[in-house]
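K.L.:
Here the protein sequences line up with chains A and B, keeping their order.
First residue of the first sequence? That's -8 in this note's numbering, and the numbers climb one at a time after it.
First residue of the second sequence? That's 4 in this note's numbering, and the numbers climb one at a time after it.
Take these hints with a grain of salt, some might be off.
Only pairs whose alpha carbons sit at most 30 Å apart, straight line, appear in this in silico BS3-like list of lysine-lysine [what the hints assert, rightly or not]: (1) 165/A / 79/A; (2) 79/A / 9/B; (3) 10/B / 79/A; (4) 79/A / 159/A; (5) 165/A / 285/A.
Because the hints were derived from the structure by calculation, they are not lab data.
From a predicted model like this one, the values you see are computed outputs, not experimental measurements.
Here is what each chain is made of, one letter per residue.
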Amino acid sequence: MDYFLELFCSGLTRGSIYALIALGYTMVYGIIQLINFAHGEIYMIGAFVALIVSGVLTIYGFSGVSILVLAAVIAMIYAAAYGYTLEKIAYRPLRNAPRLSPLISAIGASLFLQNYVLLAQTPDFLPFPELVPEFAFMEPVAHIVGSAELLILVVSAVTMIGLTVLIKYTRIGKAMRATQQDMTMARLAGVNVDRVISITFVIGSVLAAIGGVLVGSYIGQINFYIGFMAGVKAFTAAVLGGIGNVPGAVLGGLVLGLTESFAAGYISSAYEDVFAFGVLVLILVLRPAGLLGKAVRQKV
Amino acid sequence: MLSYCKKSLGIALWFVFLTFPFMVVRVNTLKDIVEWRWLNMLWVAIGAFLLALAWQLARSRQAGGDRSEASGAAETTRGLGRRLLADPQLYRPLLGLLAAAALSFPWLVDTYQANIMVLALIFVVLGLGLNITVGLAGLLDLGYVAFFAVGAYTYALVNQQTGLGFWACLPLGGLAGCFFGVLLGFPILRLRGDYLAIVTLGFGSIAKIVIENWEAVTGGAQGIANIPRPGLFGLEMSIDAVTTYTYYLMIGMVLFTIFVTNRLKDSRIGRAWMALREDEIACVAMGIDMARTKLSAYALGAFWAGLVGVIFAARNTYINPNSFTFMESAIVLSIVVLGGMGSIVGVIIAALVLILLPEYLRAFSEYRMLIFGAVMVLMMIFRPQGLISNQRRSYQRPAAAGEGGND
């Protein structure tokens, strides 16, 4: 039973990270129908900035959880800046191009960012400074859920609730929903569509950076290549839940995380990705629009 | 101009801020070293300023061109291409020259260069194969390289187990690719657009993971070595000769592929693909069997990948899972899109440029993937329709008097 709970918690942890990144994919896709392939790289950049900040500070003799908070804030700022710039350079000029063009542009941008970090920093895996304290009150259950895992669960839950509130109740959230429904109509109604798209990229990037910092401090090491697989998995999660659908991304992330965790725990850890994609194919075959997606009837 | 400079200055400052943690600080948490590289900040500032200036000039020229000449620029470039293709007096000598260059190539350069050329030609065929799936039928495939791997491993394994030679395995590899194409095609027939893309991406990843982990059969991460090179009636050949031989084999293969895709394009099934690409619903409403059309596009694309997979394994004499990553799929897809979807000449040019350029950019070997990524982005921004945009077939009344109206 303990083993089951352990797998369940680790699946939940993984799932919430996937969900955090998937939210960025799904929001961008919902508005401009673009698979932002470079989103995984934004996550990697967030993790790297946090590593650089906390690394420099620990080497100069500081320590403690406040450094992690500082590093996370700076990482979020930088990820937002990169997401904003990326949209401006690689996607905005292609707003009216054929559908495959921005996708290729995104693959190019992803390659560029990966190699930029590789060249400017190092190809090696770098260890993350250990900054998350062990919570004392957790002694009896610590082997089931660690303090880092608990931190991830709490932070991602809070972030997702924050995002829901933002989308549901604020002005910008309303503008985002309007743009998602019909870009032309939103523009006619006085919504600054370009700004909404920029803000969507910024929000998605901030979420990805939070994911990056959490994973960095949880797994303990990162390198320039981590963005790729995380990006693929998060995109899978977004599709699983029904792309363009915000609660769907969270559900898809959790389903994916739990599947992987149980498959790795009970069957074989080498094949966990195969199970992840297997579930994806299965769900898409049964429900082609994803778990929470609505089947869109196309008008002819 | 001054306003451009001012704007570029702002952009340069923004990029200095953006690149600061990566370019200026280098931290190594393994050895606890922090390296400060303030000089890099200067380079970033200068570079970003110049690039921003060039970017704005290019964009303003592009916008200006669009406004003043409307489609004038596109018309002249296409006009040139079309004139070359339409006038036999112009294109025949050109074709002859090209053929002579292609035939004499291995005798003019050393084995190393010929070997690189073989690789480039392999990607030409891969591009042309994917062009069937993506360019003609409009089915986005992000896991194309899986079929390539299927072909390569088919040859390696069949050869290892049964001793069958290259020529016997060549059709086997193609058929194996085709089989997997149908296998993948079946469950995803109902999916559209991006859902399709992610499932194919998943399939590509699954193929790689299976190859990596199924050590008993595929040799795992170590791969399979000692794969025989292509033979010619059991003739003993030196490395040089076999490279030249493979080169001609690839040239033949490219010609064969061009011939087949060209014929397919105008066939009933080819037109069904293009109809599917343009509008799925209208296509089905016209009475086209969507399942068969989609499956055939997948299966044929996969067939070519399997075929060249065999040649790839024979050329390298060694294969391992690292040759079949998502990156390769992305490169083949870029070849199709950069070349211009559905355009055969465009795909060939794009494949040669994309594969040969990084090879000859060895001088900047560290930076080549960086440049490659940047070129992909820039290419899409400044020429999104690809190098050579596919010309739509248009039927003139008198020419089409006897036929037409069947489909």
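K.L.:
Holds or violated: are the alpha carbons of residue 165/A and residue 285/A at most 30 Å from each other?
P.N.:
20 Å, holds
K.L.:
Does residue 79/A sit within 30 Å of residue 10/B, going by the straight-line distance between their CA atoms?
P.N.:
15 Å, holds
K.L.:
Within a Cα-Cα threshold of 30 Å, do residue 79/A and residue 159/A meet the stated pairing?
P.N.:
Answer holds: residue 79/A to residue 159/A is near 26 Å, not above 30 Å.
K.L.:
Is the hinted pair residue 79/A and residue 9/B satisfied, with a Cα-Cα distance of at most 30 Å?
P.N.:
18 Å, holds
K.L.:
Could you grab the alpha-carbon distance between residue 165/A and residue 79/A and see if it respects the 30 Å cut-off?
P.N.:
At roughly 23 Å apart (the allowed maximum being 30 Å), residue 79/A and residue 165/A satisfy the hint.
The structure fails none of the hints (numbered hints given earlier).
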